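Student: Sequence:
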Amino acid sequence: MLDLEYIRGKRAILEDALRKRGYSTDILVELTALDQKRRELITKANELRSKKNHISQEIGNRKKRGEDIDDLLKEAKSIDEQLEEIKYKEKEVDKKFWDLWAYVPNIPHESVPVGKDSNDNVVVREWGEIREFDFEPKTHWEIGELLGILDFESAAKMAGSRFATYKGLGATLERALINFFLDTHRKNGYTEIFPPILVKPEALFASGHLPKFEEEMYHTERDDMYLIPTAEASLANLHRNQVIPEENLPLYYVSYTPCFRREAGSYGRDVRGIIRVHQFNKVELFKYTKPEESYEEHEKMLRDAENILQLLGIPYRVVLLCTGDMGFAAAKTYDIEVWAPGLRRWLEASSVSNVEDFQARRANIKLRRKNGKKEYVHMLNGSGLATPRVFIAILENFQQRDGSVVIPEVLRDYVGVDVIKP
RNA sequence: GGAGAGGUGGCCGAGCGGCCGAAGGCGGCGGCUUGCUAAGCCGCUGAGGGGAGUAUAUCCCCUCCGAGGGUUCGAAUCCCUCCCUCUCCGCCA
Numbered sequence: 001m002l003d004l005e006y007i008r009g010k011r012a013i014l015e016d017a018l019r020k021r022g023y024s025t026d027i028l029v030e031l032t033a034l035d036q037k038r039r040e041l042i043t044k045a046n047e048l049r050s051k052k053n054h055i056s057q058e059i060g061n062r063k064k065r066g067e068d069i070d071d072l073l074k075e076a077k078s079i080d081e082q083l084e085e086i087k088y089k090e091k092e093v094d095k096k097f098w099d100l101w102a103y104v105p106n107i108p109h110e111s112v113p114v115g116k117d118s119n120d121n122v123v124v125r126e127w128g129e130i131r132e133f134d135f136e137p138k139t140h141w142e143i144g145e146l147l148g149i150l151d152f153e154s155a156a157k158m159a160g161s162r163f164a165t166y167k168g169l170g171a172t173l174e175r176a177l178i179n180f181f182l183d184t185h186r187k188n189g190y191t192e193i194f195p196p197i198l199v200k201p202e203a204l205f206a207s208g209h210l211p212k213f214e215e216e217m218y219h220t221e222r223d224d225m226y227l228i229p230t231a232e233a234s235l236a237n238l239h240r241n242q243v244i245p246e247e248n249l250p251l252y253y254v255s256y257t258p259c260f261r262r263e264a265g266s267y268g269r270d271v272r273g274i275i276r277v278h279q280f281n282k283v284e285l286f287k288y289t290k291p292e293e294s295y296e297e298h299e300k301m302l303r304d305a306e307n308i309l310q311l312l313g314i315p316y317r318v319v320l321l322c323t324g325d326m327g328f329a330a331a332k333t334y335d336i337e338v339w340a341p342g343l344r345r346w347l348e349a350s351s352v353s354n355v356e357d358f359q360a361r362r363a364n365i366k367l368r369r370k371n372g373k374k375e376y377v378h379m380l381n382g383s384g385l386a387t388p389r390v391f392i393a394i395l396e397n398f399q400q401r402d403g404s405v406v407i408p409e410v411l412r413d414y415v416g417v418d419v420i421k422p
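Numbering follows my numbering, in which position 236 of the first sequence is assigned residue number 236; successive positions increment by one, without gaps.
What the hints contain is simulated information worked out from the structure, not anything from laboratory work.
Hints should not be assumed to be uniformly reliable.
[Unchecked claim] Simulated crosslink set (DSSO-like; lysine-lysine; CA at most 30 Å straight-line):
no.	residue 1	residue 2
1	K74	K64
2	K366	K167
3	K44	K20
4	K10	K421
5	K421	K290
6	K157	K187
7	K10	K167
8	K421	K20
9	K44	K89
10	K77	K212
11	K187	K366
12	K421	K157
13	K91	K44
14	K87	K77
15	K51	K116
16	K95	K167
17	K87	K51
18	K370	K96
19	K87	K52
20	K20	K366
21	K20	K52
22	K51	K77
23	K74	K52
24	K63	K77
25	K77	K44
26	K200	K87
27	K20	K212
28	K77	K91
29	K138	K116
30	K95	K51
31	K51	K89
32	K421	K300
33	K300	K116
34	K89	K212
35	K89	K77
36	K290	K366
37	K290	K300
38	K10	K20
Owing to the predicted nature of the structure, the values given are computational and were not obtained by experimental measurement.
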């Protein structure tokens, strides 16, 4: 959520931002009208309440003196009636206003390239050698089934499409990745968190996932709770309604959680293998920072995520998302894409975003300066990393002619073997 | 699931129909004192919103004591519902 200044004094900036993101600016016309109406009603209601307060006070005074209060009672009643009507209208307008406002995206940072869609994203750097194969590289699902470490049939039987059962060393490799990610980030100063993964609607509102992404999440009807689509949702709530002394910032958190996504808008896309599944594991990085440090911290977080792939020896590239491709809450986002030779394409394995104070405003998280002044903190999140696509990258990049997969050295102690053989 | 206790400002904690946006303490900020530090003394110190105003100066007003309703001219204080925390019992890992 943005500062309301953006539809009053700083309106031109917001208009520009919406245009760059490819949003219509029509919404602003309605928002402005609602804002004006809202303020009119607030002013009127305040006046009436003020009058009423004076009368109540006067009643108290008169009663003490034993004087007659009938005329005041009558006046109070008439004010109540007027107030009732205005309050009703105010509520209505207020709700409309905030409902709309909740759909206004963040302002892109000045360093973000302007563009329409993913074609306008900018590749910032590439790392690693893309391997030349002297045989036809297989896809991860072919390798997974050949090695007996991925089982799609049993998963489909119990859960439907877009699920996978990890078996034997597959399950071990998955767990190894999680532990390796966590351990590495912990060494870099991130505090490990294992949060609730079933949360209340207000938590998802604070993180910015509601109301806009309701369709993307699994909801439990009986208790009105949601399975988190990412640990970001939980971590953004760690300090909800808190004021953090500035000397405690920045705060670094790392969290492994399963993530659940309905993938509502992507029927038929990436249906094979584990490219796009309803349930996956992710290790998430999260920071709370002072506003003046958030962009520096953003770069550092990106490096921390990249570091994992470098240690694993997986070729990747860093992509700076353009205004049109960026997420709703983000002011700036880098994606890290790993190379999958079997699929012959780059796969997004991480998304590292600075949302500035967009979530802090919703979650009401502030910092206290040394002089006592309070401001909203900046919040950053990034995958470090999501396991399925790293799993894919390991299978496809490190496959041998016979289908066996060489385990990266840093994982060998975790997995217990050097090679997974058929 | 059953019984009880409780949720008040950055924190602790009093208030239990009007004089309470809230005593007192801690912390923080400013000042005095002081060779420095500590201690002491004095003052200031919640949030959100609307309006006046060139103003992140200042002033006026409104709302907020877990959330939402209700009673009342008037509620932190009384009533109802819900949420959360704690204790005990039951149940289960």
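Student: Would you mind marking each hint as holding or not holding in the structure?
Tutor: Status of each hint after checking the structure:
The straight-line distance between the Cα atoms of K74 and K64 is roughly 19 Å, inside the 30 Å bound, and the hint therefore holds. Of the pairs offered as hints, the one joining K366 and K167 is violated, with about 45 Å between alpha carbons and a cut-off of 30 Å exceeded. Our distance criterion of 30 Å between C-alpha atoms is broken by K44 and K20, whose separation comes to about 38 Å. The hinted pair formed by K10 and K421 fails the criterion: a straight-line CA distance of about 61 Å is larger than 30 Å.
Between K421 and K290 the CA atoms are separated by roughly 49 Å; this puts the pair beyond 30 Å, and the hint is violated. For the proposed pair K157 and K187, the alpha carbon gap of about 40 Å is over 30 Å, so the pair is violated. A distance of roughly 56 Å separates the Cα atoms of K10 and K167; the hinted pair therefore is violated under the 30 Å criterion. A hinted pair counts as satisfied when its Cα atoms are at most 30 Å apart, and K421 with K20 does not qualify at roughly 50 Å.
Between K44 and K89 the alpha-carbon distance is near 11 Å, which keeps this suggested pair within the 30 Å criterion. A distance of roughly 42 Å separates the Cα atoms of K77 and K212; the hinted pair therefore is violated under the 30 Å criterion. Between K187 and K366 the CA atoms are separated by roughly 27 Å; this keeps the pair inside 30 Å, and the hint holds. The hinted pair formed by K421 and K157 meets the criterion: a straight-line CA distance of about 26 Å does not exceed 30 Å.
About 13 Å separates the Cα atoms of K91 and K44, which keeps this hinted pair within 30 Å; it holds. Among the hinted pairs, K87 with K77 is consistent with the structure: their alpha-carbon atoms are about 15 Å apart, no more than 30 Å. Taken as a hint, the K51 and K116 pair is broken in the structure, with Cα atoms around 54 Å apart against an allowance of 30 Å. About 50 Å separates the Cα atoms of K95 and K167, which puts this hinted pair outside 30 Å; it is violated.
About 15 Å separates the Cα atoms of K87 and K51, which keeps this hinted pair within 30 Å; it holds. With a CA separation close to 38 Å, the supplied pair K370 and K96 exceeds the 30 Å bound. With a C-alpha separation of about 14 Å, the suggested pairing of K87 with K52 holds against the 30 Å cut-off. Distance hint between K20 and K366 is fulfilled; the C-alpha atoms sit about 29 Å from each other, no more than 30 Å.
Restraint check for K20 and K52: the C-alpha separation of about 48 Å exceeds 30 Å, so the hint is violated. Between K51 and K77 the CA atoms are separated by roughly 12 Å; this keeps the pair inside 30 Å, and the hint holds. Of the pairs offered as hints, the one joining K74 and K52 holds, with about 11 Å between alpha carbons and a cut-off of 30 Å not exceeded. Between the alpha carbons of K63 and K77 the distance comes to roughly 18 Å, so the proposed pair stays at or under 30 Å and holds.
For a cut-off of 30 Å, the pair hint linking K77 to K44 stands: about 17 Å separates their Cα positions. A distance of roughly 29 Å separates the Cα atoms of K200 and K87; the hinted pair therefore holds under the 30 Å criterion. Proposed proximity of K20 and K212 is supported: the alpha carbons are some 19 Å apart, at most 30 Å. Distance restraint check for K77 and K91: the Cα-Cα separation of roughly 21 Å lies within the 30 Å cut-off, and the hinted pair is therefore satisfied.
Among the hinted pairs, K138 with K116 is inconsistent with the structure: their alpha-carbon atoms are about 34 Å apart, more than 30 Å. A threshold of 30 Å between alpha carbons decides the hint, and for K95 with K51 the separation of about 26 Å falls inside it, so the pair holds. Between K51 and K89 the CA atoms are separated by roughly 19 Å; this keeps the pair inside 30 Å, and the hint holds. Between K421 and K300 the CA atoms are separated by roughly 37 Å; this puts the pair beyond 30 Å, and the hint is violated.
With a C-alpha separation of about 27 Å, the suggested pairing of K300 with K116 holds against the 30 Å cut-off. Between K89 and K212 the alpha-carbon distance is near 25 Å, which keeps this suggested pair within the 30 Å criterion. With a CA separation close to 19 Å, the supplied pair K89 and K77 stays within the 30 Å bound. About 9 Å separates the Cα atoms of K290 and K366, which keeps this hinted pair within 30 Å; it holds.
Our distance criterion of 30 Å between C-alpha atoms is met by K290 and K300, whose separation comes to about 14 Å. Using a Cα cut-off of 30 Å, the hinted pair K10 and K20 holds, with the two alpha carbons roughly 16 Å apart.
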